[in-house]
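Colleague: Starting from the structure of chain F, add chain X with the ligand where the hints point.
Keeping their order, the protein sequence lines are chains F and X. So for the first sequence, the numbering used here puts the first residue at 1; every next one is plus one. So for the second sequence, the numbering used here puts the first residue at 1001; every next one is plus one.
Rather than coming from a laboratory, the hints here were simulated on the basis of the structure. Hints are not guaranteed to be accurate.
DSSO-like mimics (lysine-lysine), calculated; alpha carbons at most 27 Å apart, straight line [claimed, not checked]:
(1) LYS115/F x LYS45/F
(2) LYS206/F x LYS440/F
(3) LYS159/F x LYS356/F
(4) LYS116/F x LYS33/F
(5) LYS33/F x LYS1008/X
(6) LYS45/F x LYS116/F
(7) LYS445/F x LYS159/F
(8) LYS440/F x LYS1008/X
(9) LYS33/F x LYS356/F
(10) LYS1062/X x LYS1015/X
(11) LYS1062/X x LYS440/F
(12) LYS1062/X x LYS206/F
So you can see what is in the structure, the chains are spelled out below.
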Amino acid sequence: MSDTILPTRIALVGNPNSGKTALFNALTGARQKVANYPGVTVERKEGMVSTPGGRRVSVLDLPGTYSLRARSPDEVVTRDVVLGHLAGEASPEIIVCVADSTNLRLVLRLALELKKVGRPMMLALNMYDIAERQGIRIDIEGLSKALGVPVVTTVAVRKRGLDLLLQQVDLLAGNAGQAGTWHEPSASEIREAHREAERILRDYVKPPLRPDTWTGRLDGVLLHPVAGTIILMAILFLMFQAVFTWATPLMDLIDEGFTQLGALVAQYVPEGLLQSFISDGLIAGVGSVVVFLPQILILFFFIILLEDFGCVARAAFLMDRLMGVAGLHGRAFIPLLSSFACAIPGVMAARVIDNKRDRITTILVAPLTTCSARIPVYTLIIAAFIPDRQVWGFANLQGLVMFGLYAAGISSALIVAFIVRKLLWRSASEPFLIELPAYKMPDPKNVLRGVYTRGQVFLRRAGTTILSLMVLVWFLSTFPNAPAGATGPAIDYSFAGMLGRFLHPLFAPIGFSWQMVVALIPGMAAREVAVGALGTVYAVSGEIGEGTLGATLAAQWPLAAALSFLAWYVFAPQCLSTLAVVRRETGGWLWPSVMFGYMMALAYIASYITFHIASAWAG
Amino acid sequence: MRLSNLGKGATGVVKGIDASAQDDSIGVGELERRLLEMGFVEGARFQVLHEGLIGRDPIAIKLDDMRVALRRREAQAILVEPPVKLAAE
Ligand SMILES: Nc1nc2c(ncn2[C@@H]2O[C@H](COP(=O)(O)OP(=O)(O)OP(=O)(O)O)[C@@H](O)[C@H]2O)c(=O)[nH]1
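Chain F extracted, bound-state conformation:
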């Protein structure tokens, strides 16, 4: 291996949802997110692979597009990379146009357009397995002649056809290509190219012998405005029920594990600072967050299944009108959906929206959708305060409250978007134009990999961000030590105690105790940390004793305060990394400041109202 030879750079370009990222992952061994809806990839990603000829190849995965004429920021990335307009980056040496073999019409036109760029090019007929199953007959040689580029077939998810693809890279590499003649096509040029693509299609591709009838049949029900919406709601409802009922045994197990660990520490580590650090800081703190791993995995299991199956674009269709009423762009559905995992990819996914104002509106409300970092907070409080009972004969009350919190997040996002549009700008609505992909049986490997990746991300966070914050929280709640002869618990005299008490007057009107205030501060860095911080604060105070954190909270907090805390977490901008990403995506501090301000105000008002209503109601 010599490092002096620069790798050959190839770029994967194609329509959205043609399997570019799956192909990228298959080639480079990367684990980028793959899902059955257009607009999953919004950034360029780079990975390395070696060809059979021993050549090192750098593969670029680009956002999907229907044309090189870019309008939205994600399409701009594709255009600039392909044309070599990016500062300090030459255009790729080889363009690999990735096509969904079952849906060639639009990509053939794109291929004709890409040829004008003048780089050596090949066409990869991906999803060839599906084409074969449907009996679509493609005359590969003829197609290759008609287009004037080599054509290979691939099955990205089974890693088939990769060798042939790389062999073609070997053959094409070193080929200088021609001078680019690409320019923005006019409407008549697009029509012209379409006609040519149509002719090629007619000559070399025979329609399926066994067409996919499932997509049509399923769409008959799932796209039905009433039936589809009911099914969508039922699936989401089931999802939250599952999150509670399936996760409990696993969570108990993990909880038990940490309790055992704590007992072990108490047994072997002499009482004192070190013991307190390990059991109060690490085990009580980090442990109380890690317990929520099963819930996160179950939630993502459902989400990934839905994504792979092809439900997302359908949900976007069903929800479009609602989003339109709120003044959100039709494509805003996808960023908002991504925000269920975390607002950061959500904010980035807003790049699929072409209009700047629409994009900013979406970014502003994205953090209101319930991200997975809120799950530990919600679950802790719900499990401690909401009775585990059946209601209406079939629903679990805890799951119902969780569903309600998610609903509160989504509806507030819609309402805020509506107000933003009314207050700040009234631009004409952007077109909503989205391809509905064919349904696909979710690939078990992809589902497992996705769930695994989410679990990894969660544990990594627990091991880094959360761990280091917990050390800080432990430190602040342990030092300085209580003065000799002090009567109250030591934590009252610590920095954390002082800080909590200092800020307490600000939060007293919404019913927060000073311990809750202490939890909020490190919770700014990551929401889950609030749970860990409560764990540590109560552990250091020696108030957890035998029971769990939940039991301690149930004994210590009035119900009204607990509900107020939940309300706070629906709205509060408790996440510095989100604000940082918003700054990056909007190019300044203006929008992050607006976001922080409005979310803080909403959180305070919501908590205030919740606390006072709940107090009055509880008597």
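Modeller: This is chain X with the ligand only, laid out in the frame that chain F set:
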């Protein structure tokens, strides 16, 4: 006839694009080119599969061998030809 006037079940062929009424959003030429890139070219066959609940908007259509969802606003720019059967229900 425009695609936006059709109801569920209607079928037909795309005859052309006339986006002149949509000047206020992204511009006539731009909308035309986008619709073309999505496959709304002269001669493309379509069938309206479904319509949304509120105001029967947006619509999902089968366009040649793919499926597309769009709002009636944009569908207004798409000129179509029979064989169509008008919104009956
Ligand atoms: N059966 C089969 N499915 C595939 C193949 N390649 C990709 N898929 C599936 O197709 C869907 C789309 O794949 P992605 O890799 O996300 O597509 P993409 O082109 O990167 O999409 P964007 O990022 O939206 O542009 C996923 O559900 C994949 O699992 C293939 O060769 N065969």
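Colleague: Give a verdict on every hint.
Modeller: Structure-based check of all given hints:
1. LYS115/F x LYS45/F: Between LYS115/F and LYS45/F the Cα gap is close to 22 Å, so the pair holds against 27 Å.
2. LYS206/F x LYS440/F: holds (22 Å)
3. LYS159/F x LYS356/F: Given that 27 Å is the threshold and the Cα spacing comes to 39 Å, the pair is violated.
4. LYS116/F x LYS33/F: The hint is violated at about 30 Å.
5. LYS33/F x LYS1008/X: It is violated: about 35 Å lies between the C-alpha atoms, which goes past 27 Å.
6. LYS45/F x LYS116/F: holds (24 Å)
7. LYS445/F x LYS159/F: holds (12 Å)
8. LYS440/F x LYS1008/X: This hinted pair holds, its Cα atoms lying about 25 Å apart.
9. LYS33/F x LYS356/F: holds (25 Å)
10. LYS1062/X x LYS1015/X: holds (16 Å)
11. LYS1062/X x LYS440/F: holds (18 Å)
12. LYS1062/X x LYS206/F: At roughly 19 Å apart (the allowed maximum being 27 Å), LYS206/F and LYS1062/X satisfy the hint.
Hints 3, 4, 5 from the earlier list are contradicted by this structure; the remaining hints agree with it.
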